[in-house]
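Numbering-wise (numbering that gives the first Met the number 0), the sequence shown opens with residue 0 and increments by one.
Since the hints were derived computationally from the structure, they do not count as laboratory data. Watch out, some of these pointers could steer you wrong.
With a Cα cut of at most 25 Å, we get these calculated PhoX-like pairs of lysine-lysine [said to hold, decoys possible]:
1. Lys54 - Lys99
2. Lys4 - Lys21
3. Lys99 - Lys114
4. Lys5 - Lys21
5. Lys54 - Lys21
6. Lys99 - Lys82
7. Lys82 - Lys54
8. Lys40 - Lys21
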Amino acid sequence: MVIEKKQLAPGFVQQFQTQCNKCGGEGRIKTSTCHVCRGDKTKQALDELFVFIEKGTPDGHEERFRDASDEFVNVRAGDVIFKIQQIPHPVFSREGNNLKMEQEISLKQALLGFKIEVTHLDGHQ
0 MVIEKKQLAP GFVQQFQTQC NKCGGEGRIK TSTCHVCRGD KTKQALDELF
50 VFIEKGTPDG HEERFRDASD EFVNVRAGDV IFKIQQIPHP VFSREGNNLK
100 MEQEISLKQA LLGFKIEVTH LDGHQ
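My request is simple: use the sequences and hints to build the entire structure.
Quick look at the structure:
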């Protein structure tokens with residue numbers, strides 16, 4: 000902190016505290032700077048997180064990576080959370096661990112039976 004005095008008019012003096020321009024309020028002056036962070040105390044890095052989603056994972060399920068978010072000086076890194084959001088499918092719907100498909104059929108098909116080809120989610124019939 001630096002205490003400054005400023006004369007506003009004859010006989011009127013204002014005294015105020017400001018942050019030191021040399022140390023930025025940290026209380027110590029940097030004599031040399033790091034070539035990687037250029038004195039910012041942080042560096043840019045890209046990390047990859049891999050999420051394996053098992054078959055049957057329910058809507059709203061969360062995968063949490065502890066302390067994997069951005070880091071800042073004097074601040075604890077937070078968690079990265081991936082939340083599963085199920086996208087509605089035009090043919091299939093989900094009931095628990097089961098897939099359900101609704102198909103309108105005629106009375107004849109209901110009484111005599113019928114065959115229908117269904118294309119599964121992975122593309123096979």
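Which numbered hints turn out to be false for this structure?
Number 5 - this is the single hint that the structure violates.
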